[in-house]
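So the sequences go chain by chain: D and L. End of the first sequence = 154 in my numbering, gap-free, step of one. End of the second sequence = 178 in my numbering, gap-free, step of one.
Treat each hint with caution, since some may be false.
Stated by the list, open to error - Simulated crosslink set (DSS-like; lysine-lysine; CA at most 27 Å straight-line): (1) 165(L) x 58(D); (2) 80(D) x 58(D); (3) 122(L) x 133(L); (4) 122(L) x 102(L); (5) 80(D) x 102(D); (6) 80(D) x 52(D); (7) 52(D) x 134(L); (8) 122(L) x 134(L); (9) 134(L) x 93(D); (10) 134(L) x 165(L); (11) 79(D) x 102(L); (12) 102(L) x 165(L); (13) 93(D) x 133(L); (14) 165(L) x 102(D); (15) 93(D) x 58(D); (16) 122(L) x 136(L); (17) 52(D) x 104(D); (18) 165(L) x 52(D); (19) 104(D) x 80(D); (20) 136(L) x 79(D); (21) 93(D) x 165(L); (22) 122(L) x 165(L); (23) 104(D) x 79(D); (24) 104(D) x 93(D); (25) 102(L) x 134(L); (26) 104(D) x 122(L); (27) 136(L) x 102(D); (28) 102(L) x 136(L); (29) 58(D) x 104(D); (30) 102(D) x 79(D); (31) 102(D) x 52(D); (32) 58(D) x 79(D).
Unchecked claim - Derived, one-sided and incomplete: chain L residues facing chain D with beta-carbon distance under 8 Å: (33) 81; (34) 85; (35) 112; (36) 168; (37) 170; (38) 171.
These are computed hints drawn from the structure, not numbers from a lab. Values in this document were obtained by computation on a predicted structure and should not be read as measured data. Virtual Cβ for every residue (Gly too), placed ideally from N, Cα, C.
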Amino acid sequence: GAVVSQHPSRVICKSGTSVKIECRSLDFQATTMFWYRQFPKKSLMLMATSNEGSKATYEQGVEKDKFLINHASLTLSTLTVTSAHPEDSSFYICSAPVQGSTDTQYFGPGTRLTVL
Amino acid sequence: GEDVEQSLFLSVREGDSSVINCTYTDSSSTYLYWYKQEPGAGLQLLTYIFSNMDMKQDQRLTVLLNKKDKHLSLRIADTQTGDSAIYFCAEGKRGGYNKLIFGAGTRLAVHP
Chain D
39 GAVVSQHPSR VICKSGTSVK IECRSLDFQA TTMFWYRQFP KKSLMLMATS NEGSKATYEQ
99 GVEKDKFLIN HASLTLSTLT VTSAHPEDSS FYICSAPVQG STDTQYFGPG TRLTVL
Chain L
67 GEDVEQSLFL SVREGDSSVI NCTYTDSSST YLYWYKQEPG AGLQLLTYIF SNMDMKQDQR
127 LTVLLNKKDK HLSLRIADTQ TGDSAIYFCA EGKRGGYNKL IFGAGTRLAV HP
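Chain D with its partners taken away, still in its complex shape:
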């Protein structure tokens, strides 16, 4: 199947700093990518839809100035957590749909963010 990578896999940062997470589609182009946040023992919560060449679409309750999304190319989307706080600590996962008969989404391995 299609492969989606994320970098870094783990990051620890101090409160007030910003952290950038990359999501890449390795063997296909993705005009759309999705960013999810997963809380412990909870489902994935869709945060936003990243659109190549245009602004991201944020889900209700997600601060767009806090979670900056840039879809720089057909294979790369970045999520920047700005002025991070301990409550932003979470597992962030991206996905990309492969256009076709099933529009199946392929997920990255996730990024564990810990804010001290």
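Put chain L on the given structure of chain D with help from the hints.
Chain L in isolation, oriented as in the chain D frame:
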């Protein structure tokens, strides 16, 4: 509204069959998916079923869909310790947007 529900925990003995259940509310969903998440890892697509199908079998996996009751199940035959993971069902619609709605996940524990 959109809502997907799953039981949170299932424990089975190695070699037995596991059945994980899921209910959803959006009757316009086009596809229903099962994803597997192992500890510390991302989601791996296991299988999916199109909404006009009743059943899909893929090796040890059998997906049953009751569209009338909006009930989806995943059966794993001959469950192995390597099957221990969290299983998420998700509903989605065909199209460029393809937003997925996930259940909370069922943690499957396989014991000897």
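Here's how the hints hold up against the structure:
1. 165(L) x 58(D): Status holds; Cα separation ~23 Å.
2. 80(D) x 58(D): Holds: residue 80(D) and residue 58(D) sit about 23 Å apart, inside 27 Å.
3. 122(L) x 133(L): holds, 14 Å
4. 122(L) x 102(L): Distance of about 17 Å is within 27 Å: holds.
5. 80(D) x 102(D): Distance ~22 Å between residue 80(D) and residue 102(D) Cα, so the pair holds.
6. 80(D) x 52(D): holds, 25 Å
7. 52(D) x 134(L): Distance of about 51 Å is beyond 27 Å: violated.
8. 122(L) x 134(L): Answer holds: residue 122(L) to residue 134(L) is near 17 Å, not above 27 Å.
9. 134(L) x 93(D): Since the Cα atoms of residue 134(L) and residue 93(D) sit roughly 38 Å apart, the hinted pair is violated (cutoff 27 Å).
10. 134(L) x 165(L): holds, 22 Å
11. 79(D) x 102(L): Within the cut-off at roughly 14 Å; holds.
12. 102(L) x 165(L): Holds, because 18 Å separates the two Cα atoms, which is no more than 27 Å.
13. 93(D) x 133(L): violated, 36 Å
14. 165(L) x 102(D): holds, 18 Å
15. 93(D) x 58(D): holds, 17 Å
16. 122(L) x 136(L): Holds. Residue 122(L) to residue 136(L) sits at ~16 Å (cutoff 27 Å).
17. 52(D) x 104(D): Distance ~16 Å between residue 52(D) and residue 104(D) Cα, so the pair holds.
18. 165(L) x 52(D): Distance ~33 Å between residue 165(L) and residue 52(D) Cα, so the pair is violated.
19. 104(D) x 80(D): holds, 22 Å
20. 136(L) x 79(D): Given pair residue 136(L), residue 79(D) holds - Cα atoms ~24 Å apart, limit 27 Å.
21. 93(D) x 165(L): holds, 17 Å
22. 122(L) x 165(L): Satisfied, since the Cα-Cα distance of roughly 22 Å is no more than 27 Å.
23. 104(D) x 79(D): Roughly 24 Å between the alpha carbons, so the hint for residue 104(D) and residue 79(D) holds.
24. 104(D) x 93(D): Holds, at roughly 15 Å.
25. 102(L) x 134(L): Roughly 26 Å separates the two Cα atoms, so the pair holds.
26. 104(D) x 122(L): violated, 42 Å
27. 136(L) x 102(D): With Cα atoms ~34 Å apart, residue 136(L) and residue 102(D) exceed 27 Å; violated.
28. 102(L) x 136(L): Status holds; Cα separation ~21 Å.
29. 58(D) x 104(D): holds, 12 Å
30. 102(D) x 79(D): holds, 25 Å
31. 102(D) x 52(D): holds, 21 Å
32. 58(D) x 79(D): Holds: residue 58(D) and residue 79(D) sit about 24 Å apart, inside 27 Å.
33. 81: violated, 27 Å
34. 85: This hint is violated: residue 85(L) lies away from chain D, its Cβ roughly 20 Å from the closest one there, beyond 8 Å.
35. 112: Nearest chain D Cβ about 11 Å off; hint violated.
36. 168: holds, 5 Å
37. 170: holds, 4 Å
38. 171: holds, 6 Å
In the structure shown, a violation is registered for the earlier hints numbered 7, 9, 13, 18, 26, 27, 33, 34, 35, in ascending order.
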